[in-house]
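From first to last, the protein sequence lines are chains A and B. Under the numbering used here, read the first sequence as residues 1 to 283, first letter to last. Under the numbering used here, read the second sequence as residues 1001 to 1552, first letter to last.
A couple of the hints might just be wrong.
[Claimed, not checked] Label-pair ranges, simulated between beta-carbon atoms:
{"no.": "1", "chain 1": "B", "residue 1": "Glu1223", "chain 2": "A", "residue 2": "Ser242", "range": "46 to 54 Å"}
{"no.": "2", "chain 1": "B", "residue 1": "Pro1151", "chain 2": "A", "residue 2": "Asp259", "range": "25 to 33 Å"}
{"no.": "3", "chain 1": "A", "residue 1": "Lys84", "chain 2": "B", "residue 2": "Gly1259", "range": "30 to 38 Å"}
{"no.": "4", "chain 1": "A", "residue 1": "Lys110", "chain 2": "B", "residue 2": "Lys1004", "range": "52 to 60 Å"}
Don't read these hints as lab results, they were simulated from the structure. In this text, a Cβ means the ideal position worked out from N, Cα and C, and glycines have one as well.
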Amino acid sequence: MTERPLITDAQNTWCPGCGNFTIQHTLKAVLSDMEKEGKSLDDVVLVTGIGCHAKMADYLNINSFYAIHGRAVPVATGIKLANKRLTVICCVGDGDAYAEGLDHLIFAAKRNIDITVLVHNNRVYGLTTGQYTPTSPLGFRGRSTPSGTPEYPLNPLELMLASGATYIARGYTKKMDQLNHLVRGGIGHKGFACIDILQICATFFNMTDFYNTRVYDLPDGDKGDFLSACQKAREWDYNSESNIALGLFYQRSFPTFEDRVIRKPVQKPDRKGVIGEFLKAHQ
Amino acid sequence: MAGKEVSVLVGGRAGDGINSAGAVIAHFLNHLGYVPYLYFDYPSLIRGGHNFGIIRGSEKPIGVHHDAVDFVLALNQETVFRHRARFHEGTVILFNADVVHADGQGVPVKKILLEEKAPAIMGNSAVIGAFAKAAGIPWDTVNAVFSAHMPKGADLNLRVARRAYDQCSTVLTIPPLGDRRLSLITGNEAIGLGMVAGGLSAYVSYPMTPSSSLLHFLAENAERFGITVVHPENEIAVMLMALGLSYGGQRAAVGTSGGGFCLMTEGLSLAGMAEIPVVLVVSQRTGPSTGLPTYSAQSDLHFILNAGQGEFPRFVVAPADAQEAFFWSAVAMNIAWKYQIPAFILADKTLSEGVYGVDPSKIADVRQDGLLSWDGTEPYRRYADTPSGISPLTFPGTKGAVVKVNSYAHDESGITTEDAGTVVQMTDKRVRKAASLSTEMESYKTVLTEGVPGATTAIACWGSTKGVCSEVAEELGLRTIQPVMMSPFPTGQCTKALAGIRRLIVVEENANGQLAALLRLNGIPHDATVLQYDGRPFTPDTLLSRVRKVIV
Ligand SMILES: Cc1ncc(C[n+]2csc(CCOP(=O)(O)OP(=O)(O)O)c2C)c(N)n1
Ligand SMILES: [Mg+2]
Chain A
1 MTERPLITDA QNTWCPGCGN FTIQHTLKAV LSDMEKEGKS LDDVVLVTGI GCHAKMADYL
61 NINSFYAIHG RAVPVATGIK LANKRLTVIC CVGDGDAYAE GLDHLIFAAK RNIDITVLVH
121 NNRVYGLTTG QYTPTSPLGF RGRSTPSGTP EYPLNPLELM LASGATYIAR GYTKKMDQLN
181 HLVRGGIGHK GFACIDILQI CATFFNMTDF YNTRVYDLPD GDKGDFLSAC QKAREWDYNS
241 ESNIALGLFY QRSFPTFEDR VIRKPVQKPD RKGVIGEFLK AHQ
Chain B
1001 MAGKEVSVLV GGRAGDGINS AGAVIAHFLN HLGYVPYLYF DYPSLIRGGH NFGIIRGSEK
1061 PIGVHHDAVD FVLALNQETV FRHRARFHEG TVILFNADVV HADGQGVPVK KILLEEKAPA
1121 IMGNSAVIGA FAKAAGIPWD TVNAVFSAHM PKGADLNLRV ARRAYDQCST VLTIPPLGDR
1181 RLSLITGNEA IGLGMVAGGL SAYVSYPMTP SSSLLHFLAE NAERFGITVV HPENEIAVML
1241 MALGLSYGGQ RAAVGTSGGG FCLMTEGLSL AGMAEIPVVL VVSQRTGPST GLPTYSAQSD
1301 LHFILNAGQG EFPRFVVAPA DAQEAFFWSA VAMNIAWKYQ IPAFILADKT LSEGVYGVDP
1361 SKIADVRQDG LLSWDGTEPY RRYADTPSGI SPLTFPGTKG AVVKVNSYAH DESGITTEDA
1421 GTVVQMTDKR VRKAASLSTE MESYKTVLTE GVPGATTAIA CWGSTKGVCS EVAEELGLRT
1481 IQPVMMSPFP TGQCTKALAG IRRLIVVEEN ANGQLAALLR LNGIPHDATV LQYDGRPFTP
1541 DTLLSRVRKV IV
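If we strip away everything but chain B, and leave its shape as in the complex, we get:
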């Protein structure tokens, strides 16, 4: 265990409940005062295949796992073989002795289940109990975590865990750090909560990994949050239904991944032309096409920035972790309605499905600006020309208002036109909205920096790789520059953040360097890129050696 750090791997077959076992272990670390992070790696299938989770706890804020692990919970033999390279001399292995041979402490899972008359799915609890004892975790903590975070059968699970706990011995104590407790949520949950905070009232989505867990989360909590959740026939319908909901007066959002977003692009362009607010959550996975459904990538940035025919303003943010995801999702809702534009929350598998520790007291209040609404004095014109470019917004059903929206070029009242002057006037109005938005966004911190302030070499990164980049920057004495807002691009704030930097290294999970290209387009040159595109997130270990090579 290096410093106040611990890493635990749990592995087994798909269907073995690896994800929930990982969550329990993450809660243990949380209870011990560590900042937890859970990376979950699984193939695109339901049964069989290898699943594993790596749970890391640190005294510092983290958003990435390590390659090396201190503890292994092996639910099958493959876990031991496959991850051998992650073991060090002191790695402690806990395993299901019925099916695994290894050096460490085996648990007679079948026997324990039989004795407790517990179903097979509770087998994990035995191995978790063994881990708790091996790591010197007090039984009270085990008891508290199981009771609070097991939706069903906590008592029986506890009895199963207790038997293994009593049979094992403590070999590597994880020292408690205190009693600060964070909330453990996934990136998708953070996005959902942020949108709810930002006024979400309807969510429309068609399942597609890695966005599906957001659909599931919002559907499950629809009543609690007071929202309507719909799963229509395809993503074309998703997008158009959302626009209907928005036109009708609801704050609607959609969610998908790249393939589904392909089908949404005609609706996106409609939103741009008809000035209908909508929020789109797009969570990237490895492409092109079906690609690697359950693995990550940062290869849809330019697609998102350029999707849809014609020119129209759009707001795009790419948060790095759960805390940022909450905040920027709320901001995206606010901006979409204030400016009547499409707003994107660009995530990826790492962010969407990773479990992060967030400090509930730092879940900031989010601003919700009132809408510029119709005062009823003159006949309502949906596209009334104004200095800011923003027209007063009202909805059908408003007394005395005729609300006409249109996908064709239109005049101020929403009637189709081919008149050259009107076309220019309305285009200029949309361009002015973009300018107003850019001005407003100057009051937000849209480019975040970490690492060593006086450094002359910087890493530029975006989205989920921020966590790994800032660890590497810390280690090598570099600065990180992370634009969160991708459109409108914050050139000014980027340039300021880069003051004093003589060498700029761009780190991304794609093959072409999409942030690098965007920076170049905005007049910011770079010196080197470090790219990875195997679907797996960078870890500090691999990134460190790759950045070292391009540092001079």
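Okay, chain A solo, but in the shape it has when bound:
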């Protein structure tokens, strides 16, 4: 079998130094490992929202659904329901998934649909040139909040824990090996996986120094304890100056939505017969 080229001919338009390159390289490496291990990439689908992050759909040479702002997650849910065999990965933005489409993220976690969501969390609206997002710190001066946002950020890890996600992790685009590990883990996890990726936006919100001095790795080990995961998730609230844990916060196995919804393989019933029966019963 000839391995397919994983990158398309589409011209790449991310800024130099953009953390999205790291995420792209990571996905490429993960996909090519999966292929080497015998997984057909024909069975992988990428779903994206709209934003800088979403260009991934154009750049990776795999099945893709380049959706609309905030709506990648319900699309991905539909795809997984359509065909359980497919591996469904979402690349979404922080504006995309934590603002415009937050309801869908919460419900996907609540349902435990088996998809993997990578949040390119640059804590800014990149593509619309620098407005604050739900994870920007208090006082962030964006183009819509020139005197600083009056809102505190929300903590997506805490939110995902409360919503029922069964795989919750945080990565950082300056730590590619770890990111690779987390993404592979998320894809391998049967259930809803959400990986919040601290992504450097070189142009509108470059937090490299801030992150580099604060990040540390969570130790390996059992991740099934909800309360200690909550505690860990609260250590940094996306606003304070505290240390920032990276790695897997929480994981547990739990029945998935698609397994509950599609109770048994839908065999093709004799539709004409079934309709005739119905009409007869109502005569």
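Chain B with the ligands: place on chain A using the hints.
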């Protein structure tokens, strides 16, 4: 009783089971050989408030009720007061004597229930038993209907009914017409069955009257029909989930009413741009906004025709009754996948929740065209440019195919582009799909006519008002013209149907004349409009007098 016709009103409080009582009476009439129709009128609440159903039986096909009634089943006093204007000299009243005073035959409901040790909800069966006797309906018929159509407790209900039956006397016999038996189904059931016949494999919906009963019907029968039914967090998710299902290879449909459809419009435009097939059932209720949730309207036609940013082809049909709803729902499924476009079934409360008699032998076989699929020879391009504008369709998971769909302007392989030439090429491709669709639809009868063929005055109507319009046309010697397909608009077939017409009256349940405007837009002028927008369907009686005024 005028000719071979009968009308029965059953009324009570919300929660009294008026709808199921109405269904039983409709089945009686069906067993007597009448074409039944049931109109159900209820306010948007769960307990209290006035509910009523009017069941009409006729020897001719019908799709509307009459104002005047021959029988009344009063489960509360309000029924008698409120509907007095519908009574004529010979109207027979059957009532629950525990709570109603009226001239007619009262039934001691409490006593009967006590004697039979039956629960309070079976009280209706006593009044139904009284009605059956008063109308000279043979006990065998009562027995057959209860046994076949009561899901629970048919025996006890029959005993309750029998006591009232034996206590009453026959006063106005409904003459049997023969033993032709139709199937009694609601418009929403017909839409559901039609979509199943058309290959539906997943239905996604968020509850909203008057579409909810379609969600309930399909959910209840999901296993039987072999479909997946999902009720997500909101209508935005409904639409996007359906697009995911469709992209993934399932035949998905969604259902809602105007308010929910507002939330679906960004997904609709995505379906148009990304060329993802999907069927949308939109059942209109009185608007704007929350409006009258349980009442009808025809005021979303232009919204449906124009919803979503940008320009893209769409298929819109507005069936009039259950028979048409079945057929066109199947066609909508076929067309959506064949052309990879959104297809609408536009209904309203009257159609969705009305009960119609359909002839099972006339539930036509529906055509299901094969899809233009990928032959695997060249690299798959989701938007390959073709003469018809239709690109071969395949789904993720297909060996060797990279299936890329995109909401941005894109090239043939689905990659984003801002290149002017490619944008024009892809837009032209979508425009060509619309042209191919128009051509194909010429082989369907998309404009239906009834009434008097040689007439020089015509009524133009659409959707659920067709039944009432054709009765009025018959009475006044007019022709009716009913476009079923609203997009692409069948101008040619309309013009043909209008040959010889010198005066055109447009009848609609809205305030602005939306079909009238659509006809004008397509070069067909009209002379008068008859509009009603109180949420209630036209009845033959009211429409007749209104059309008379504008006939000359
Ligand atoms: C419904 C809708 N509203 C607004 C926009 C404009 N828009 C495009 S991208 C974007 C924000 C992107 O921010 P984020 O999701 O964080 O992605 P990033 O560019 O940072 O990767 C917005 C508001 C849109 N495309 N659709
Ligand atoms: Mg962002």
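Here is what the structure says about each hint:
The supplied range of 46 to 54 Å is met by B:Glu1223 and A:Ser242, whose beta-carbon atoms lie about 53 Å from each other. Separation of B:Pro1151 from A:Asp259 is about 31 Å and conforms to the stated range, judged on CB atoms against 25 to 33 Å. Distance hint check: the CB atoms of A:Lys84 and B:Gly1259 are about 33 Å apart, consistent with the given range 30 to 38 Å. At roughly 57 Å, the beta-carbon separation of A:Lys110 and B:Lys1004 lies within the given 52 to 60 Å, and the hint holds.
Hint check: no violations occur; every hint is consistent with the structure.
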